[in-house]
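Respectively, the protein sequence lines represent chains W and X.
Straight run, no breaks: the first sequence in my numbering ends on number 113.
Straight run, no breaks: the second sequence in my numbering ends on number 112.
Quick caveat, the hints were computed from the structure, so don't treat them as lab data.
Glycine included, each C-beta is placed from N, C-alpha and C at the ideal position.
Careful, some of the hints might be misleading.
[Unchecked claim] Derived CB-CB ranges, DEER-like:
no.: 1; chain 1: W; residue 1: S80; chain 2: X; residue 2: L69; range: 45 to 55 Å
no.: 2; chain 1: W; residue 1: P18; chain 2: X; residue 2: K57; range: 33 to 43 Å
no.: 3; chain 1: W; residue 1: P79; chain 2: X; residue 2: E79; range: 48 to 58 Å
[As the list claims (entries may be wrong)] DSS-like cross-link-like pairs, simulated, lysine-lysine; straight-line CA separation at most 27 Å:
no.: 4; chain 1: X; residue 1: K57; chain 2: X; residue 2: K71
no.: 5; chain 1: X; residue 1: K14; chain 2: W; residue 2: K49
no.: 6; chain 1: W; residue 1: K49; chain 2: W; residue 2: K77
no.: 7; chain 1: X; residue 1: K71; chain 2: X; residue 2: K14
no.: 8; chain 1: X; residue 1: K14; chain 2: W; residue 2: K22
no.: 9; chain 1: W; residue 1: K69; chain 2: W; residue 2: K22
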Amino acid sequence: AQSVAQPEDQVNVAEGNPLTVKCTYSVSGNPYLFWYVQYPNRGLQFLLKYITGDNLVKGSYGFEAEFNKSQTSFHLKKPSALVSDSALYFCAVRAGGRRALTFGSGTRLQVQP
Amino acid sequence: NAGVTQTPKFQVLKTGQSMTLQCAQDMNHNSMYWYRQDPGMGLRLIYYSASEGTTDKGEVPNGYNVSRLNKREFSLRLESAAPSQTSVYFCASSDGTQETQYFGPGTRLLVL
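Model the full structure from these sequences, guided by the hints.
Shown next, in the form of structure tokens:
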């Protein structure tokens, strides 16, 4: 079975400060890891993914994530938060042999001006 | 290029009524998915279709049926709606070589 944990329901950060949204996973075999963002009343938008290769992955809107195999983590980061980054963020995982994604419960990011 | 489209956007049903949620993608993707999103639970997979002509159960398939009508379209049917099926439903598609799933705007369903 595969699973994802997002330990924080909400993360609050001041505009201009760095942000981190945490994600840990459990999967058999090599993981494919994804981050998605959801704005109010919208579908999920793809941010970035790790399939293989460099552990630091860069994605849309200045976001990046670091794959850490020993800690089974894939934390989302951004050096300088914007108010417009406020949204719901989902981490997702799937094992290499499967197509279906398993999502975490989501973390609400609130960036204060 | 519209991506993934879903109809309707919003629906209210009475317990026991049936309805079909429609999904279409114009990206020539092989795989399509149906998820439901409930507060505090993330997205849970209902059914998916790895390719035209195949469908498989996901995590929460009970009370639902699906049809992969052709490569573009993947519908989700509720035969006898229950209040527990009140949720937001998302359709997604992916290309097996790229792996990324692309999502539609969602259907908000309320079952009274």
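Against the structure, the hints come out as follows:
{"no.": "1", "hint": "W/S80 with X/L69: 45 to 55 Å", "in the structure": "holds, 46 Å"}
{"no.": "2", "hint": "W/P18 with X/K57: 33 to 43 Å", "in the structure": "holds, 41 Å"}
{"no.": "3", "hint": "W/P79 with X/E79: 48 to 58 Å", "in the structure": "holds, 50 Å"}
{"no.": "4", "hint": "X/K57 with X/K71", "in the structure": "holds, 18 Å"}
{"no.": "5", "hint": "X/K14 with W/K49", "in the structure": "violated, 40 Å"}
{"no.": "6", "hint": "W/K49 with W/K77", "in the structure": "holds, 13 Å"}
{"no.": "7", "hint": "X/K71 with X/K14", "in the structure": "violated, 32 Å"}
{"no.": "8", "hint": "X/K14 with W/K22", "in the structure": "violated, 40 Å"}
{"no.": "9", "hint": "W/K69 with W/K22", "in the structure": "holds, 14 Å"}
Of the numbered hints listed earlier, those contradicted by the structure are 5, 7 and 8.
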